[in-house]
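Chemist: The sequence shown begins at 1 in my numbering and counts up by one.
Hints are not guaranteed to be accurate.
What the hints assert, rightly or not - Ranges between beta-carbon positions, derived for each pair:
id, residue 1, residue 2, range
1, LEU205, VAL163, 12 to 20 Å
2, HIS106, GLY225, 37 to 45 Å
3, LEU115, GLN95, 42 to 50 Å
4, ASN129, GLY213, 26 to 34 Å
5, HIS139, ARG295, 21 to 29 Å
6, PRO216, LEU152, 43 to 51 Å
7, TRP257, ASN69, 44 to 52 Å
8, GLY213, TRP290, 36 to 44 Å
9, VAL165, ASP136, 15 to 23 Å
10, GLN94, THR135, 40 to 48 Å
11, LEU115, ILE179, 17 to 25 Å
What the hints contain is simulated information worked out from the structure, not anything from laboratory work. We put the CB at the ideal spot given by N, CA and C, even for glycine.
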Amino acid sequence: MRIFTASALAACCAVASLSAFSESEPLQITNLSPLASLRAIPPQRSAEPARGFSWAASATISNHFTLENEGEESLFLDGQTDALTLSFRYGLPQQWDVEVTVPWRHHSGGFTDNLISSWHGFFGLPDGNRDSYPTDALHYQLSQPAHDRHLLRSASGLGDIQVAVSRPLLAIDGGQLGISAGVKTASGQSSDWLGSGATDVYALLRFSGQQLGGWPLWWHGQVGGTRAGDSDLLGPQQRRSLWFAGMAAEWRFTPRWSALMQYDAHSALLDGALEALSEPAGMLSMAVRWRPTSRWMIDAGFSEDVVVGSAPDITFLLNARYVP
């Protein structure tokens, strides 16, 4: 009888512990390529409504090296982008919530070139002819007919602030379908490649839910579209109607620890012959998550450009999130 009682108590404690840590969120990560980051391509997030006031901070280091020449067009992205993004969410009546995202960015030559070259060498990956160019140098340049924009000096400052409203739409098989709409302002300085210099609007559908059968696996996904403003930085061949999509999975292998995998994609940014900009982008992210308490989530991980040249070579990320 004592054994049965002890077992029942242990099971109840385990269920209670898992319930206390039941919040699930995708990784707060976007394509931080110097050009893709100019557009309103929102990160994935849970479709569940916000309760009270929550916030998240995301610190990233992105290494870029893309070199492409096609006829009269050329693209050269060599540098590092450090970003700190703060997001604030507040729950409103009728299950609506509002979210404000404030990015700060720093473009420079950085310090990660040798690390990335060593990484590529260790795993036998192509290095994109990095050895022929200066180490830890900054050179961003987009050249197309009648259009040339470049950044050759370090720059830092506020990026384009975004504001979005969201709410659940309906429950599906134990999950939640939600809707969201938002606007990206032109608060970043376009001459420093910190913003597009134009206002974008977007709308999307999101899904979040736990794997059927009670498995400790949570799924998230989103699909949406952006109508972008006319950016002088992107030039006359820019595409202003864009799509984006993503899917994420979180496997809770203990109540406090999780493994996450996430894929994000979006449409081409420009017309023309440059594949890095005229073909859809794709990036894969992986991370571990630690929950020190039921209200905090801390993520550490990285993302890679699975569609080569469409996103940073690698992005290292560290996220912290508080939920009430």
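Chemist: Could you run down the list of hints and mark each one as holding or not?
Modeler: Each hint, compared with the structure:
A C-beta distance of roughly 19 Å is found between LEU205 and VAL163, which places it inside the suggested range of 12 to 20 Å. With their beta carbons about 30 Å apart, HIS106 and GLY225 fall outside the hinted range of 37 to 45 Å. About 45 Å separates the C-beta atoms of LEU115 and GLN95, a value consistent with the hinted range of 42 to 50 Å. Judged by the Cβ atoms, the range 26 to 34 Å given for ASN129 and GLY213 is violated: they are separated by roughly 49 Å.
At roughly 44 Å, the beta-carbon separation of HIS139 and ARG295 lies outside the given 21 to 29 Å, and the hint is violated. Distance hint check for PRO216 and LEU152: the Cβ-Cβ separation is about 49 Å, which falls inside the suggested range of 43 to 51 Å. The hint said 44 to 52 Å for the Cβ distance between TRP257 and ASN69, and at roughly 46 Å that hint holds. At roughly 26 Å, the beta carbons of GLY213 and TRP290 sit outside the given window of 36 to 44 Å.
For VAL165 and ASP136, the Cβ-Cβ distance of about 41 Å falls outside the hinted range of 15 to 23 Å, so the restraint is violated. Between GLN94 and THR135 the beta carbon distance is about 55 Å. The supplied range of 40 to 48 Å is therefore violated. At roughly 41 Å, the beta-carbon separation of LEU115 and ILE179 lies outside the given 17 to 25 Å, and the hint is violated.
In this structure, the earlier hints numbered 2, 4, 5, 8, 9, 10 and 11 are contradicted, and the remaining ones agree with it.
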